[in-house]
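For reference, the chains in residue letters:
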Amino acid sequence: MSHAPNRSQHRRTVAAVAAASALLVAMSACSTPAAGGDPAEAAPGVTDDTVTIGTHQPLTGPAAAGYSSISAATTAYFAYLNENGGVNGRSIEYLVKDDGYNPANTQTVVRELVQDDEVFAILNGLGTPTHTSVLDYLNQNEVPDLFVASGSTSWNQPEKYPWTFGFNADYVTEAEALAQYADDEFAGKSICVLGQDDDFGDEFIEGLENVLGEGSLASVQRYSVSNQDVVAQIGAMQAAGCEVNMLATVNGFTALAIGTAAKLGYQAKWMSSSSGGDYVTLAGFLGEAAPVLLEGFVTTNYLPYAPGNEWDDLFRQINDEYNDGAPFDGNTVFGMSVGYLFAEALAKAGENPTRQGIVDAITSGDLVGNGLVPLSFGADSHAAYKGVSITTVADGVQDFIGVTYVSDGSGGVEPFDGDAVPLENDGLPTS
Amino acid sequence: MSARTQTPRPQTPRTAGPLTTSIRAARPGASARRPTSRLLATALVLTLVAIGATFLLDPYRNYQFALIAATFCATAGLTLLIGLTGQLSLGHAALMAAGGYGYALAANALTDAGVDGVPRFVVSLAAAAAASALLGLLLGLAAARLKGPYLSGVTLVLVIALPAFTAVFSGVFRGDQGVQIAYDGVPPALRTLIAVEQWQAWVAILVAAAVVTWLAVLRNGPAGLRMRAVRDDETSARLQGVRAGRVKVLAFTASSIAAGAGGAVLCFVTQSVSPGAYTLAFSLLLVVAVVIGGLGSLLGAFLGSIVIVLLPWVIQTATGALDLSADAAQRLTGNLPVLVFGVLLIVVTAAWPGGIRAALPKRLRTKRMPRRGAPPMQTSTVAAAEPATVTPTAAPRHPDPEPRTSPAAEPIPTTTER
Amino acid sequence: MDRLLFLLATGLARGAIFALFALSLVLIWRAARVVNFAQGAMAVVATYVAFAVTGLTGSYWIGLASALVAGGLMGLIVERGVMRFASHASPLSGVIIAIGVVMVLQSLLGIAFGPNARPMEAPFPETPIVLGGVPVLSPYDLFVLVVAIGLMGLLALIFTRTSLGLQLRASAFAPEVSRLLGVRVARMVTAGWVLASAVGALAALLLVPTELGLNPHSADMLFVSAFTVAVVGGLDSPPGALVGGLVVGVLISLVTGYLGATVAPIAVLGLLVAVLLVRPGGLFAATEARTA
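Residue numbers (UniProt numbering), protein chains in the order written: chain A, 1 to 431; chain B, 1 to 418; chain C, 1 to 292.
Don't read these hints as lab results, they were simulated from the structure. All of these numbers come straight from a predicted model, not from anything done at the bench. Ideal Cβ positions, reconstructed from N, Cα and C, are used throughout, including at glycine. Hints are supplied without guarantee of correctness; some may be wrong.
FRET-style restraints, in silico, Cβ to Cβ [what the hints assert, rightly or not]:
no.: 1; chain 1: B; residue 1: A328; chain 2: C; residue 2: L164; range: 40 to 48 Å
no.: 2; chain 1: C; residue 1: L56; chain 2: A; residue 2: V397; range: 42 to 50 Å
no.: 3; chain 1: C; residue 1: L154; chain 2: B; residue 2: N108; range: 54 to 62 Å
no.: 4; chain 1: A; residue 1: G296; chain 2: C; residue 2: P125; range: 16 to 24 Å
SDA-like cross-link-like pairs, simulated, lysine to any residue; straight-line CA separation at most 25 Å [as the list claims (entries may be wrong)]:
no.: 5; chain 1: B; residue 1: K147; chain 2: B; residue 2: L56
no.: 6; chain 1: B; residue 1: K147; chain 2: C; residue 2: A172
no.: 7; chain 1: A; residue 1: K263; chain 2: C; residue 2: A172
To give a feel for the contact side, a few chain B residues facing chain A, derived at Cβ under 7 Å [as the list claims (entries may be wrong)]:
no.: 8; residue: A167
no.: 9; residue: F169
no.: 10; residue: G175
no.: 11; residue: D176
no.: 12; residue: T235
no.: 13; residue: N335
Starting from the given sequences, assemble the full structure and let the hints guide the process.
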């Protein structure tokens with residue numbers, strides 16, 4: 001141990017200053033900001049035989065349950081696509097980063113994808129609070145931000161966020177459709193809602209009131225994801241005599257609400273947002289009692305998830321072959337549909353895709369997708385699906401009942417009787 | 001409290017504290033305290049070195065550098081709080097959030113008022129400091145009355161209640177979505193020279209340097225002495241005329257301001273603040289950082305910040321390189337860093353209380369300080385601030401690593417160097 | 001009025017679980033002067049054991065017994081394996097090590113079992129009995145209440161009437177003297193941990209069937225609530241845990257019912273701060289904390 005000779009201290013300070021100055025001089029040469037890319041050059045993430053894209057998904061943490069299977073399904077679809085020649089001879093590499101549903105992590109992993117992995121685009125980033133936190137960043141850096149996995153209406157702001165596109169039917173449209181259905185089928189019944197205490201719940205309730213009229217809900221209950229006890233809320237709905245209960249809930253809380261009601265001996269009609277309406281997932285939460293509890297359960301979907309549907313059959317095959325036969329549920333169809341839509345957009349973007357090119361391909365309105373309702377993409381719409389089809393559960397099978405609504409653009413919905421998009425070319429998009 | 005502490009002596013008010021008083025008396029050769037001007041000079045040099053280093057890094061590394069700097073603000077405050085006063089706060093994430101919201105709300109108000117650029121940043125930063133100071137003051141007032149686990153309990157529940165606050169007052173805090181702010185680009189004069197990430201790293205470094213220098217001055221001064229006195233023996237300190245309550249409140253507030261500045265920097269870098277980013281898990285990570293860095297040490301806080309920012313990324317990159325099945329990779333990516341942090345926390349606390357800082361080769365510790373704007377790293381860190389309360393084995397603590405450079409920190413006679 | 005009764009009954013059932021878990025924190029605090037932040041994670045490990053055993057044997061009761069055993073074992077392992085290394089002079093090091101244990105256990109559970117929730121069946125119906133038109137407690141709630149109160153009575157008997165209890169108390173309050181009198185203090189500390197961890201495991205096992213299902217984070221909020229309960233009641237006081245548990249359970253239920261679920265965490269924080277400002281050692285603090 002030495003004592004404190006001031007001279008050595010001084011010497012070191014001088015040395016440090018010298019070193020610092022040297023560093024500054026030496027480095028300023030090699031570190032100017034990356035020059036703007038030459039337009040003739042290939043876009044970031046695109047090589048002669050690959051296109052690299054990335055996503056942020058909750059793979060761990062409390063929110064991971066029920067969502068971690070989506071990116072696995074998308075990856076499986078891309079594996080299928082790549083094995084069959086990819087898009088314009090390029091295979092798609094899909095980088096999945098875990099953000100644990102934490103916006104701080106989202107910001108980090110998305111920057112890593114964009115700056116370090118130099119992805120061509122971000123695809124299907126999941127979650128409203130998480131994705132909101134990178135919305136500005138992606139648009140400032142002009143990175144295509146495609147098919148966000150959330151029903152928030154934030155993604156559809158072409159003026160403010162020209163690079164961002166949604167995927168889910170938005171919560172408002174969904175709620176309007178469910179309200180319309182309830183109004184048609186259960187006229188005169190007392191309608192209530194249980195919603196998450198965030199934008200999901202707010203927008204859903206807004207949609208319900210658009211159709212049913214303000215103040216027409218007999219009871220409006222909210223829950224917080226941090227508290228897995230909804231007895232008080234369900235008890236209040238029971239006490240208010242609610243007969244049709246709308247749920248703006250994620251899967252776990254849909255199960256919790258219905259399970260709690262059963263425990264209270266409370267019977268009602270349950271209708272849920274598609275975000276919390278997947279039968280297989282709900283059955284996983286509810287266990288053996290699921291078929292009984294979920295009989296007659298109403299939800300919506302805009303994707304071809306139904307027994308016997310040709311898309312559904314194809315996706316099941318892909319799931320068996322490329323996804324180790326993981327449990328097949330609504331998330332699987334969702335993830336593969338996202339993969340398909342991206343492949344279609346990429347194909348439409350031409351032989352030498354650029355970031356601007358893929359955005360132009362989407363806003364051209366030429367994309368078809370695989371939905372039950374037509375895609376809404378266009379120059380002034382960055383929403384994918386503006387309509388949904390009603391499903392119910394009968395004898396443990398969730399299926400469509402042939403009732404489909406699309407948004408009429410003025411706070412309501414109208415019936416839609418067009419056809420769903422048929423399967424073509426084994427689900428391999430062509431340009 | 002700890003039984004092996006000595007009473008602070010009034011005649012040695014400018015020394016490192018009660019713990020070392022008697023040792024110091026036995027070592028008259030130890031030099032006098034480093035003058036503040038020298039500390040500031042060192043701070044300046046390290047800051048310049050740090051800024052120089054940003055030229056070596058690509059944009060993503062600079063972004064990580066900025067995160068480290070922001071985290072460092074919070075961990076520096078936390079390590080002093082725990083190390084100097086023995087108060088364990090599990091709620092520093094909430095204090096960072098207070099700073100983040102203070103910054104974001106002020107920045108948006110100023111944007112609406114037509115203010116931008118540097119004035120907007122400075123005023124917003126001041127607002128962040130004010131918001132976190134206020135929350136810290138309130139907590140500190142409670143903390144002054146509470147002991148150990150009771151204080152930890154209050155801070156724990158505070159973090160848990162944060163999302164509820166933002167949801168209940170969603171008109172202001174925008175619930176889960178959080179508050180977004182306008183983008184602050186590189187100033188025109190620098191635009192040809194540096195990229196935005198590098199600029200953000202500069203700002204983060206400057207703020208961290210200012211905050212940490214301030215904390216170092218505070219710690220080395222009479223306030224720091226009183227904090228240690230209260231920590232080591234509150235009763236004796238009171239008998240010496242130290243107002244223990246006031247000292248604790250001051251420490252909590254100062255620590256809180258540092259955390260708030262970190263939150264403001266994070267908000268500046270990411271243009272958003274939301275409750276989901278400031279979870280209990282993050283709060284615990286801050287504790288991990290200061291513990292594995294070496295409790296009470298500013299250098300340790302810096303090293304710990306590097307670890308908590310970079311380790312998850314390193315592990316994720318490593319598991320990505322392995323050829324794992326999708327399911328296994330999915331389970332490993334998020335969980336493995338937590339496992340490593342947990343093991344580090346246990347091992348360091350149980351067997352290696354000096355943390356990483358004590359494990360650095362002596363020369364490294366004294367000479368090659370990291371490129372961060374943190375003079376205190378070079379000054380009296382461990383010995384002065386090291387809490388008697390944390391080391392399992394009282395006597396053989398690691399040696400004070402830089403006696404030459406830290407006159408304030410008396411060389412504690414030690415034997416171990418692991 | 002009906003609504004109030006309903007909310008009170010709901011709150012009591014939940015509060016009994018809080019109380020039981022808080023009791024396990026109090027037991028460890030009394031034995032080792034450590035707030036065991038790992039209690040929740042340890043209890044979840046034991047609940048996974050119960051889940052597996054119930055799955056294999058088909059019997060809830062064998063699962064319950066195995067949870068108690070596994071909980072006790074966890075206590076033994078954690079105390080002997082890592083807590084031994086915490087500094088006895090320092091209140092912080094035990095807390096920090098416990099936080100490390102939480103991280104290790106939760107990440108290991110996550111790696112082993114993945115994030116998905118596994119549904120657990122309750123051994124009794126959860127449909128409430130209706131009294132005068134108001135749904136009150138379900139048979140399962142009654143079972144929880146009976147177990148909680150019975151267990152507390154049993155523990156009170158052990159502590160006051162048996163030699164083991166006497167030794168446990170003695171080594172907690174006066175370790176040096178106890179050692180001189182021939183009490184094996186280290187062994188008593190371990191016994192305290194085993195006992196407390198078994199109680200914690202039981203509380204988690206009782207809670208999980210009322211929630212979403214078993215996952216690595218099942219007991220996170222239980223721990224936070226129970227810690228609040230223990231602090232409100234006074235970390236040294238088993239009766240404090242009981243009263244605190246019921247108070248917090250009813251508070252959360254009433255606030256959720258009348259003001260909304262979102263406000264509940266704020267109400268808990270408010271209660272905690274209010275109690276501690278008036279009584280910094282909790283409601284049932286027996287003695288002033290020693291100042292030196």
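Now the hints, each set against the structure:
{"no.": "1", "hint": "A328(B) x L164(C): 40 to 48 Å", "result": "holds, 46 Å"}
{"no.": "2", "hint": "L56(C) x V397(A): 42 to 50 Å", "result": "violated, 31 Å"}
{"no.": "3", "hint": "L154(C) x N108(B): 54 to 62 Å", "result": "holds, 58 Å"}
{"no.": "4", "hint": "G296(A) x P125(C): 16 to 24 Å", "result": "holds, 22 Å"}
{"no.": "5", "hint": "K147(B) x L56(B)", "result": "violated, 46 Å"}
{"no.": "6", "hint": "K147(B) x A172(C)", "result": "holds, 19 Å"}
{"no.": "7", "hint": "K263(A) x A172(C)", "result": "violated, 43 Å"}
{"no.": "8", "hint": "A167", "result": "holds, 5 Å"}
{"no.": "9", "hint": "F169", "result": "violated, 12 Å"}
{"no.": "10", "hint": "G175", "result": "holds, 5 Å"}
{"no.": "11", "hint": "D176", "result": "holds, 4 Å"}
{"no.": "12", "hint": "T235", "result": "violated, 33 Å"}
{"no.": "13", "hint": "N335", "result": "holds, 6 Å"}
The structure does not agree with the numbered hints 2, 5, 7, 9 and 12 stated previously, though it agrees with the rest.
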